[in-house]
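Student: Sequence:
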Amino acid sequence: GAHLSTDGNLASDSDAKVATEKAVKAYADTKLTRSAGSGQQITGTLYTYALRPDANNTRDIGEETFKYRNGWFSGTVNTEVLNITSSRTKKRDIYDYSGRGLDIINKLKIVNYKYKEDEFLQNHIGVIAEDSPAEILSREHNAVSLSDSIGILFKAVQELSEIVGVK
1 GAHLSTDGNL ASDSDAKVAT EKAVKAYADT KLTRSAGSGQ QITGTLYTYA LRPDANNTRD
61 IGEETFKYRN GWFSGTVNTE VLNITSSRTK KRDIYDYSGR GLDIINKLKI VNYKYKEDEF
121 LQNHIGVIAE DSPAEILSRE HNAVSLSDSI GILFKAVQEL SEIVGVK
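Counting along the sequence shown from 1, when you hit position 126 you're at 126 in my numbering, and nothing is skipped either side.
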């Protein structure tokens, strides 16, 4: 199992398969809430049971009003499907992108690297945030925004299709 430590990080219990020092750290910009009964709510990061699975071995993080957002995880996150919200109903200030995707792609310096904290020293291919155009970066400019990168790649493919005469 896991619990929230006093510093607000997700930590493993002694019976967990992952050692505490290797536990996933989770940071959220919304507070975990739990009903206290009579319409009251208790909020805070000291709930040791807030992330424990229920009887069905599941646990939702957040409610309609307080959804888990802006998490950070160290290590590999595996999933079968990752859907990035793209509905018009979730967006505002929508307008056609006028930049050139190929120009942004051509500014990228593609490098080989290993993560410092990867005990297996696996080789990776990608970019360094500090050396990359802002259009593909997170708000903090320390990570690649996958959704923005995909949008730029779509635009670049459209530009290439126009160059070679394919529509």
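No lab work stands behind these hints, which were simulated from the structure alone.
Any given hint could turn out to be false.
Okay, the calculated beta carbon distance ranges per label pair [what the hints assert, rightly or not]:
(1) 107 <-> 139: 28 to 38 Å
(2) 78 <-> 114: 11 to 21 Å
(3) 161 <-> 120: 31 to 41 Å
(4) 88 <-> 162: 22 to 32 Å
Each computed BS3-like pair below joins lysine-lysine, with the alpha-carbon atoms no more than 27 Å apart [said to hold, decoys possible]:
(5) 167 <-> 107
(6) 167 <-> 114
(7) 107 <-> 155
(8) 109 <-> 155
(9) 155 <-> 167
(10) 167 <-> 116
A virtual CB, placed ideally from N, CA and C, is assigned to each residue, including glycine.
Student: Against this structure, judge whether each hint is valid.
Tutor: Hints, one by one, checked against the model:
1. 107 <-> 139: 28 to 38 Å: Given range 28 to 38 Å: violated, Cβ gap about 19 Å.
2. 78 <-> 114: 11 to 21 Å: holds (19 Å)
3. 161 <-> 120: 31 to 41 Å: Cβ of residue 161 to Cβ of residue 120: about 39 Å, so the range 31 to 41 Å holds.
4. 88 <-> 162: 22 to 32 Å: Between residue 88 and residue 162, where Cβ atoms are some 25 Å apart, the hint holds.
5. 167 <-> 107: Since the Cα atoms of residue 167 and residue 107 sit roughly 26 Å apart, the hinted pair holds (cutoff 27 Å).
6. 167 <-> 114: Violated. Residue 167 to residue 114 sits at ~39 Å, over the 27 Å cutoff.
7. 107 <-> 155: holds (15 Å)
8. 109 <-> 155: Holds, at roughly 19 Å.
9. 155 <-> 167: Roughly 13 Å between the alpha carbons, so the hint for residue 155 and residue 167 holds.
10. 167 <-> 116: Given that 27 Å is the threshold and the Cα spacing comes to 44 Å, the pair is violated.
This entry does not satisfy hints 1, 6, 10, going by the numbered hints stated previously.
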